[in-house]
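Let the sequences and hints guide you as you build the complete structure.
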Amino acid sequence: MSTTYKNVFKQGAISSAFIAESIAKHQSKTSIGAHNIFLGQVRADVVDDNKVAAIEYTAYEDMANKKFHDIREATFEKFNLTCMHIYHSLGLVKSGEICLFVFVSSPRRKEVFKALEYVVEAIKADVPVFGKEIFEDESSQWKVNS
Numbered sequence: 001m002s003t004t005y006k007n008v009f010k011q012g013a014i015s016s017a018f019i020a021e022s023i024a025k026h027q028s029k030t031s032i033g034a035h036n037i038f039l040g041q042v043r044a045d046v047v048d049d050n051k052v053a054a055i056e057y058t059a060y061e062d063m064a065n066k067k068f069h070d071i072r073e074a075t076f077e078k079f080n081l082t083c084m085h086i087y088h089s090l091g092l093v094k095s096g097e098i099c100l101f102v103f104v105s106s107p108r109r110k111e112v113f114k115a116l117e118y119v120v121e122a123i124k125a126d127v128p129v130f131g132k133e134i135f136e137d138e139s140s141q142w143k144v145n146s
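All residue numbers for the sequence shown refer to my numbering, where the first residue is 1 and numbers rise by one.
The set of hints was computed from the structure by calculation and includes no laboratory data.
Some hints could be false.
Within a straight-line C-alpha distance of at most 25 Å, the following computed SDA-like cross-link-like pairs (lysine to any residue) qualify [to be verified]:
id, residue 1, residue 2
1, Lys10, Lys110
2, Lys124, Met84
3, Lys132, Leu39
4, Lys143, Phe130
5, Lys66, Ser22
6, Lys110, Ser22
7, Lys66, Glu136
8, Lys124, Lys29
9, Lys132, Tyr60
10, Lys78, Tyr5
11, Lys51, Ile98
12, Lys110, Ile37
13, Lys78, Ser139
14, Lys10, Pro128
15, Lys66, Trp142
16, Lys66, Lys51
17, Lys124, Glu61
18, Lys10, Lys132
19, Lys132, Gly96
What follows is the structure in structure tokens.
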């Protein structure tokens, strides 16, 4: 029997409107004392004198969604959180645009700082999402995690 996990992928860049809507949903929850947000943005790095114009993200989606689910479950076990959102881009994301959005809420501020760092580090280490850097001269190479 196959388990279906929440799809955390968004096609293209994650918009500021989507981020704002996700955050606004929690303003009326009076049990929350703190929120913390991580926004991963595509950098216009220069590699061998060539500037990154965009990153094209691909993933083993079923495996990645399970990993995101496992990270979420482990984070809720480890920290006193009220809620958590994780979204990652697939497809082309231009330099300056958001490709990863993580949002955590808790009754206490210290929990959100620790939890957010834990989640982002786990995503970078364990989730099979791959980025191909597309340079201004239209050449490309697979991105090294950093």
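Tested hints:
no.: 1; hint: Lys10 / Lys110; verdict: violated (29 Å)
no.: 2; hint: Lys124 / Met84; verdict: holds (17 Å)
no.: 3; hint: Lys132 / Leu39; verdict: holds (19 Å)
no.: 4; hint: Lys143 / Phe130; verdict: holds (7 Å)
no.: 5; hint: Lys66 / Ser22; verdict: holds (22 Å)
no.: 6; hint: Lys110 / Ser22; verdict: holds (21 Å)
no.: 7; hint: Lys66 / Glu136; verdict: violated (34 Å)
no.: 8; hint: Lys124 / Lys29; verdict: violated (30 Å)
no.: 9; hint: Lys132 / Tyr60; verdict: holds (14 Å)
no.: 10; hint: Lys78 / Tyr5; verdict: holds (21 Å)
no.: 11; hint: Lys51 / Ile98; verdict: holds (18 Å)
no.: 12; hint: Lys110 / Ile37; verdict: holds (13 Å)
no.: 13; hint: Lys78 / Ser139; verdict: violated (43 Å)
no.: 14; hint: Lys10 / Pro128; verdict: holds (15 Å)
no.: 15; hint: Lys66 / Trp142; verdict: holds (23 Å)
no.: 16; hint: Lys66 / Lys51; verdict: violated (34 Å)
no.: 17; hint: Lys124 / Glu61; verdict: holds (15 Å)
no.: 18; hint: Lys10 / Lys132; verdict: holds (17 Å)
no.: 19; hint: Lys132 / Gly96; verdict: holds (16 Å)
Checked against the numbered hints above, the structure breaks hints 1, 7, 8, 13 and 16 and satisfies the rest.
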